[in-house]
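Number of protein chains: 6
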Amino acid sequence: MFYTDGKLQYPVRVDSPNPLYAKMLQQAIGGIEGEIRVAMQYFFQAWGARGPKKYRDLLLQTATEELGHIEMLSTAVALNLEGSKPAVEKGVGASNPAIQAMLGGQDPRHYLSAGAAAMPVDANGVAFDMSHIYASGNLAADMYANIAAESTGRLLATRLNELTDDPGMKDMWSFLIARDTMHQQQWLAVLEELGGPQALPIPNSFPQGQEKGEFSYAFLTYGTEGTTPPEGRWSDGPSIDGRGEFHHEIAQPLGDEPVLSSPSDASFAQTEQVKGGPGASPLSGNPDRPEQMGGGTMDKLKDKLTGES
Amino acid sequence: MFYTDGKLQYPVRVDSPNPLYAKMLQQAIGGIEGEIRVAMQYFFQAWGARGPKKYRDLLLQTATEELGHIEMLSTAVALNLEGSKPAVEKGVGASNPAIQAMLGGQDPRHYLSAGAAAMPVDANGVAFDMSHIYASGNLAADMYANIAAESTGRLLATRLNELTDDPGMKDMWSFLIARDTMHQQQWLAVLEELGGPQALPIPNSFPQGQEKGEFSYAFLTYGTEGTTPPEGRWSDGPSIDGRGEFHHEIAQPLGDEPVLSSPSDASFAQTEQVKGGPGASPLSGNPDRPEQMGGGTMDKLKDKLTGES
Amino acid sequence: MFYTDGKLQYPVRVDSPNPLYAKMLQQAIGGIEGEIRVAMQYFFQAWGARGPKKYRDLLLQTATEELGHIEMLSTAVALNLEGSKPAVEKGVGASNPAIQAMLGGQDPRHYLSAGAAAMPVDANGVAFDMSHIYASGNLAADMYANIAAESTGRLLATRLNELTDDPGMKDMWSFLIARDTMHQQQWLAVLEELGGPQALPIPNSFPQGQEKGEFSYAFLTYGTEGTTPPEGRWSDGPSIDGRGEFHHEIAQPLGDEPVLSSPSDASFAQTEQVKGGPGASPLSGNPDRPEQMGGGTMDKLKDKLTGES
Amino acid sequence: MFYTDGKLQYPVRVDSPNPLYAKMLQQAIGGIEGEIRVAMQYFFQAWGARGPKKYRDLLLQTATEELGHIEMLSTAVALNLEGSKPAVEKGVGASNPAIQAMLGGQDPRHYLSAGAAAMPVDANGVAFDMSHIYASGNLAADMYANIAAESTGRLLATRLNELTDDPGMKDMWSFLIARDTMHQQQWLAVLEELGGPQALPIPNSFPQGQEKGEFSYAFLTYGTEGTTPPEGRWSDGPSIDGRGEFHHEIAQPLGDEPVLSSPSDASFAQTEQVKGGPGASPLSGNPDRPEQMGGGTMDKLKDKLTGES
Amino acid sequence: MFYTDGKLQYPVRVDSPNPLYAKMLQQAIGGIEGEIRVAMQYFFQAWGARGPKKYRDLLLQTATEELGHIEMLSTAVALNLEGSKPAVEKGVGASNPAIQAMLGGQDPRHYLSAGAAAMPVDANGVAFDMSHIYASGNLAADMYANIAAESTGRLLATRLNELTDDPGMKDMWSFLIARDTMHQQQWLAVLEELGGPQALPIPNSFPQGQEKGEFSYAFLTYGTEGTTPPEGRWSDGPSIDGRGEFHHEIAQPLGDEPVLSSPSDASFAQTEQVKGGPGASPLSGNPDRPEQMGGGTMDKLKDKLTGES
Amino acid sequence: MFYTDGKLQYPVRVDSPNPLYAKMLQQAIGGIEGEIRVAMQYFFQAWGARGPKKYRDLLLQTATEELGHIEMLSTAVALNLEGSKPAVEKGVGASNPAIQAMLGGQDPRHYLSAGAAAMPVDANGVAFDMSHIYASGNLAADMYANIAAESTGRLLATRLNELTDDPGMKDMWSFLIARDTMHQQQWLAVLEELGGPQALPIPNSFPQGQEKGEFSYAFLTYGTEGTTPPEGRWSDGPSIDGRGEFHHEIAQPLGDEPVLSSPSDASFAQTEQVKGGPGASPLSGNPDRPEQMGGGTMDKLKDKLTGES
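Protein chains in written order, with our numbering: chain A, 3 to 311; chain B, 3 to 311; chain C, 3 to 311; chain D, 3 to 311; chain E, 3 to 311; chain F, 3 to 311.
The list treats identical chains as one, so a pair stands whether inside a single copy or across any two.
With a Cα cut of at most 30 Å, we get these calculated DSSO-like pairs of lysine-lysine:
#1 172 x 9
#2 172 x 214
#3 214 x 9
Please keep in mind that the hints were generated in silico from the structure rather than gathered at the bench. Computed from a predicted structure; not experimentally measured.
Full structure from sequences and hints, please.
Structure, rendered in C-alpha cells:
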C-alpha cells in the first residue's frame, strides 16, 4: 500500500521554458531508458519476489522512489510547456528563425492531446509498452536487467543534461544522475551478496553437467576464410566464472540442411508444392517422414472443434 | 556482408512432435528473452560501434551466430508441428483427453497463418517488436544489456528444457544452454577489459563532480514510520566502485508541491478550471507565472502554421 | 513523492491455487480495463492538472490507491500459481481431464518468463501499452474517461468474481468492486461540481457560436430507402444540455466527390497514373489545381535537405 | 451491408496547402481521440449489441457517419500536401525560414510511404491500434466510453481549429465540431433512458449486497501525516446514485505483508534464493505453504507435454 | 459518405455454437490476413488515389464491400459465443473432456472484455494495428499489396472452412471464399490494364538508366564454397519484364569494412572507447574523419535548444 | 548457419553528413517497406518452406543478401550523423536558418538513445514490429507478398534517392534500386514456374467447386442509386485465370438483420438491456434462441475453473 505527501523529492525549476526540451524530456519518462520502465520493473520484481525477504523490500523501496522521479520529470515537462516569457524577453519572437525551428520540432501531441502536459511516451511520441518490464523470477538475471536499465538511464540523463543550459534543469539532473549512480551500485551490491562472478552462469541452479561442456567456454567465430577473429579477454585464459578455459574455435556446422515433410492437404499449399511440382526433384519432403500438421495434429484439431472424439 | 551454407549449426531432431511444445518454443524465437532479440541487438551494436575495432568484430561474430540459433529454433518449431506419428503409435489418439487438452492450448496461428511453421512471435502469439533492441553507443551499458539478455535467455532455455522429455529437443538445449553460458562470459570479459567495477558508474566519461555527490551512495528508503529498511551490502561499507561509502537515509521531500500556471485559452480547458471556478481558492495557477502553452509558444505555433512571421 | 509500508490494502488469500484463474486475473492488471491503466491515468492527469488545486489532489490520492490495487492483484496471481495442494487433496491429479484442460489454457509465460508471478500483461499475454492513458488537459473530458475506465473496470471485476468459487478471491473482489463503485461516484461528483449537463458540450470554453449550429442537435441517419431510423430520447425534445432541440434528419451529402491533383514526378507513381493513362478520361487530376507534394513542397524539402536555400 | 455515393458529407476545401497542418490533422484520423477510433468503436458495439434493438441501430447509424468523417479528414490531409501555390504567391519560397521550419516538422512518411496522402496514424506517425476499441457488452459502460471519446474528440477538434486560419479548414471544423456536440448529447440521451445516475453503479445487474458496503461510498485518502485531504462533493453528503452517504476516511492497510512460497526447483531461481541463502533469515517462503508453480502445477504441465497422464 | 440498411450481405448462421471456433474466426477479423486490413487498406488507397478516377471508384466500392464482411464475421463470432444448445443436446456436457478441452482454448477476453461478442483482434487476442495498411501512392505497388492481402485472406478462409463442420459456417465460407477469388482477379485485372509485366519494374516512372544496370538482372548467391545455387526461371533466360537477361553470379563484397569516427565527448561513450583505450590499436575511429554527432551537429542542436544562434 | 567477412556488399560513402537525411534513411531500415522486413520475411519463409527444395534455397540466399542491406543502410545512418564538416565548410553554421530547420526535424533518439547510430525504427522513430512478416506456407501467396514488399521497397528507395544530392548516397541507391529490380523479377519468375495466372486463385489446392461460383467472377458495386460503377478489365470479358467471365452486378443484401440472443446474467449487462427495458419492444433477443455465453458455455467455463466436472 502506498502514500503520498504531494511534494516533489527534489525541486523542479525551469528558468526558460522550452517546448523542444519538453519533447526531449519525454524520453526519460516514457522511453525504454526512462523512469516508468524502472519503476514498474522494480514493482513487478518485488511483487513476485521469492527467497530472502530483504530483496523484496529493497526492490519495493526503490520502485517507490522511481515513481517520484516520474513525477519530477512530468512536472519538468509541464513547466517547459508554459509560456516562454524569459525567451520572449530575450527578444526571440515569432519572426526569429531559431524559435521557428524550435517549434518545428516540438511534439504536436503536447498541445493536441495533453494541452501542455507530460504524456507516458518517448521523445518521438511512441507510448511506453509494458513488454519492457523484466521480472524473471531469477534474482541475478533481474539484477543484470536492472543494472542495464540504470546504465542506459544514467547515459540518457547525461545526454539530456548536455542539451540544456537552463540552471533549473541542470540542478534537477545533478540529483537524478546521482540517484542513478546509487542504483547501479545497489544492484551490483546484490550481485556481490549473491556470490559475484563465481555464482555464474545464470541460472546457477541448473546443473551445468547437463550442458554440452565443450561449447561452454568456446569463443566461436563465423568469419569467411582470411578473416581475423577479434582477440581479447574472451579468447584465452580462465573464464570469468573460474569454471572453464576460454579458447577460440572456428565454427563448423554440426547439423545438416533441415528437411521438412511435404505440405499436408489441410495446409492448402499451392498444388505445385507437393510431389511432382515444377521443382520435383529433389523434394524437401522426405517420404520416410510423417506428414506435417494436418495429416496428424490438424485432423485432431478439427475433430475437437467438431465435437467428434 | 553475409554468407550461408544452408546447414544447421547443431542438429535439430524431434522424436515426438508436439504442437504445444512448438508454441512454447516460440518464446525462444520471438520472446523478449529470445534469439531474434540477441541477434538484432548485437548487429545494431556492431553497426554503430565506435572505439576499438575488436569490439565491433566481436559483436558482429556473435550476432552472426545468433542468427543461426533462430534458424535452429524455427526448424524445431516446424518439426514439432509435423504429424505426431510416434505419439499416435503410443496410442494417444483423438479420443485421448490428454491429447485433446494439448491441442486446446496450441497456437491457432501456427495453422491459420503459417501452415505449420515458426513465426517471429512469442509463446502467446505476440510479435517481437524491435524497440527491445538496446544499442546505446556506450559499450559498458550495452554489455550489461547483453548480459541481461543472455541471463534471461539461458533461464528461458533451462525452463524449456525442463518442459520436454524429447531426446532430440533435450540434445538441442544442451548445446544452446552451453552457448548462453559462453555469451554471458564473453560480455563479462569485455567489462573486465573496460576496467571492471572501478570503471563505474556508467557512463564513466561524465564528470562525477557534476552530480550531487551526497546522493550518489545514499541508500534512501521510503517506508512509513515503523517500517524497517532492508539492510545488506548496499546500506553500509565502501561502494562497489570504490568511490564512496554506502549509507542509509530516510528519504525526505526536498521540493514543494508543484504549482503549474492556469490553463491558457488555447488549451480549451473547461471554463471552471480557470480563476473563479468551483474550487477557486486556492488555485494551482500562480498569477506570477507566465501562462502555459498557448499564451506563449502556442501562439507562435499558430503563427508559423498560418505563415505569419 | 511516495511512501510504502509494504502491506496490502486488503487481505489477499487464495484457498485453491488455480493457474488458469491466474491468467484471467491478468486482465485486471494489464488489460485495458485494469488497474495499471487507472493508476497511470490518474497520475498523469494529476501531474498535468491546471486549475483548482483540489482536483489535482483528488487525482493524486486515488492514483496512489490504485497502485496498491495492482499490488493486491499481482499478489493474487503469484498465489494462484503456487502448488495447488488443496486441489491435489481433492483428488484432481495429473490424470484428471479437468486439470489437464485447465493447464492447457494457462499463460505459458507465467512459467517461461516470470517463474510463477504476475506480469504487466492482459489475459492473452499482450503487454499493457501506455497509449491508453488519457490526460487531456480538460477536466470534464478526463472525468468522463475516468468514469468509462471505472465502469469497464467494475464490469471486469464482476465477471472475474463470477468465474471463481474460491472464498479468498471472492472476498478480495467484494472489496475491489466496492472501491470501483466509489470511484465511479467520485468522478461523477466532480462533474456535478463542474456544472453537470448544463456545462456541456465539452470543452465548454469553445464559443459554440463558431460551430455550424444547425448540425449541433440534429440526429442524422444514414439508412437506405425504407430503413426505419431508431427513435428515442435523442431524436426529439430538448437536448440534454438544454441548449437545443433534438430533431431527426436523413443525412444528405453536402460535398461533392473529392478531386485530387495529378501525381507529381517526385512521387514516382506509375506512369499510367498520369494524364493519358489507360483510364485517361476523366482524370481525377484537375488541370486547374496545383500539383501535389513534389511539385511544390517536396522540391523545397529536397532543397532543404541538400542545403540549397 | 454498406453503400456509398463517393461524395463527401460536407465540403472539404484547403485554400493554402500546409504540410505541417497535414501532420497535425493525422491526430484526428489515427489518434486515440480520432475518427477511426469512434467509427470502429461504434461498429463493434453495434455488431455485438444485445438488448433493445434501437440501441444497435443507433450505434450502427452513427458509426456509418463517422466513417464519412475519416473520409473527409483523409481528403483534407491529401489536399494539404498538394503544391502550396497560394503560399508561393505570397512569396514564401524555399529561402524563407518560416517555410523551412514548417518543412522540418512535417511527417516524412507523408512523402516516403504515402506519396502525399493520409495514413491511419497519429500526428507523430504512430499507427492506430485497435486495442482502443471499447465494446464491453454493457450498454452504460459503453456509453461512458463513447462520451469520453466524443469529449476528447471535440477537444482535439477545437485545438486543430485553433491552429489554422485557412477558411476552408475552419469551415470544415465548424461542421465537425457541431457533430461532436450532437454525439456527446446522443450518448448522454441513452444514459438518461437507461435510468440516469440512479441506474448506477455500472454494471447495475450485479447485486450490490455482494460488495463490501462500508467501502462503497468512502472517500479514502493516502496522505502522510499532516497532509490535508481535498474536500468537495465527493467527501460529504448523499452519493450521486442516492444509495449511500459520502464520507472521508484515512486509508489503513487491512492486509499484512504478502508472503510467497519459496521458489521451486523448476523455476531455476538462483540457488541463493532458496533457504540458507545470504539473507536466510527471515525467508519470504513459508514452510507451511505449498511450493510455487513447479512443485505443483508445473510438474503437471510437463506431464501433459510429455504425454504421461 | 456511407449508408447502411442494417442487413447482412450474406446470411450468417451458426448451427452449433462453438467458443473455440469463435476464437479462430477472430483471425479473419483482426488478423493481418483479415477483413479489417483489406477494408481499411482499400479505403486509404481510394482516399489518396491520384490518376484515373476509375481506380479510385473501384477501390472505394470494394472497401465498402469489405466493411460488410467484417460485419458478417463479427456476427459469426457473437453467434458462436451463444449458449451451445445443440451441443448440449448431443450430450456433450461439462463432464465431457472434449468440451473441457475446447473451453481451455477459448479467448478469455470474449467473456471478460466483450461479454460474448467479437473484438478487433486476432486469434491470439492481439489487436489489429493500422501499420499494416499499405497505400503507397503508386497504383501498381498497391495492387500487388492487395493481391497479397487477398491471397493470404483466401488461404486463411480455406483453413477456417477446413476446421468446421457446421453447415451454417461452411455456407458462409463458400460465399466469402468466392469473393476473395474475385478480388484477386480484380486487382490482377488492374495490373493488366497498367501494362502487365512489361510495365515493370515498379515504379516504372523512375528512369531505369539511373540504376546500376549490371545488378538489375543478376541472380546473386551467398553460399560458402561448395554450396550449389538454386536454378530456375530466375537464373537464366530473358527477364520477366523483357528488359534484361537473367544470369547467375556469386556475390562478392564490393565495399570495405566500414570505419566510423571516434565517439564524441557529447555522446558519453565509455572513456575506454576513445583513443588509448584497452583495444587501442587499431581504432575504428579514423583521424582523418570528422567527429560524430556532438562534435558537429550535436553542438548545434544544443545551441538551438539554448537559444544561442 | 551464417558467416560474415565484415565487409559491405557495396561501398557506402557520405560526402555531406546530414542528420535529417539519417532520419529519412531509417524508413528503409525499420519501416514497413524496409530491409528488416524483407530479410526476416524471406528467412521465415525459407525456414518453414515445404515443397521443392530450390525455393527454400532461393529464399535463404536472398534473405542473406538483405541482411547485408540492413548493414549498408545502418552504416549510412551512422555516417550521416557524424560531424558535418563539409556542410560547415560551405558556411552553413548554427546561425543559418536552413541548418536550424534541418536540426529541428532530426530524430532526437539518434542522439538520446543511440549516440549517433542507426536504430531498428522507421522515419518517425516507431520500432519495426515483426507482425509484418508474412510466411503463409503457400508459396504463391508468399511470392505476391514478396513482390509487394519489393515494390514498396523500390518505391521508397527512389523517393529517398530523390531527396538527396549527396554523390555517395546516390551511388548507394543506384545499387540498391537495381537489386530491388532483380528481386521483383525473381519472385515473378517463381510465379511463372508455378503456373502463372492459370494457377490462380490462390490457394489453388482448394477445390473451387466448394465456393459459391456465381460470386467468383462477379464485380459487385455498392453505389447508391444514380452512382455510375467504374468499368474496366474487371467488369467484362474472361477472367484473368481463364476460369470464368467477369460481369457486373449491383450488390443486394442476401441476409437479414442479424438477431442476437438476450444478454445472459453472467455477462452483467445493464438491467435495462434485458426484456422489459426502456426499448422493450422489439427486442433483439429472440425467445427461440438459446442464451448467449454464460447461459451455456460460460457456466461450463466456471465449472472448469472451480474444478467441478
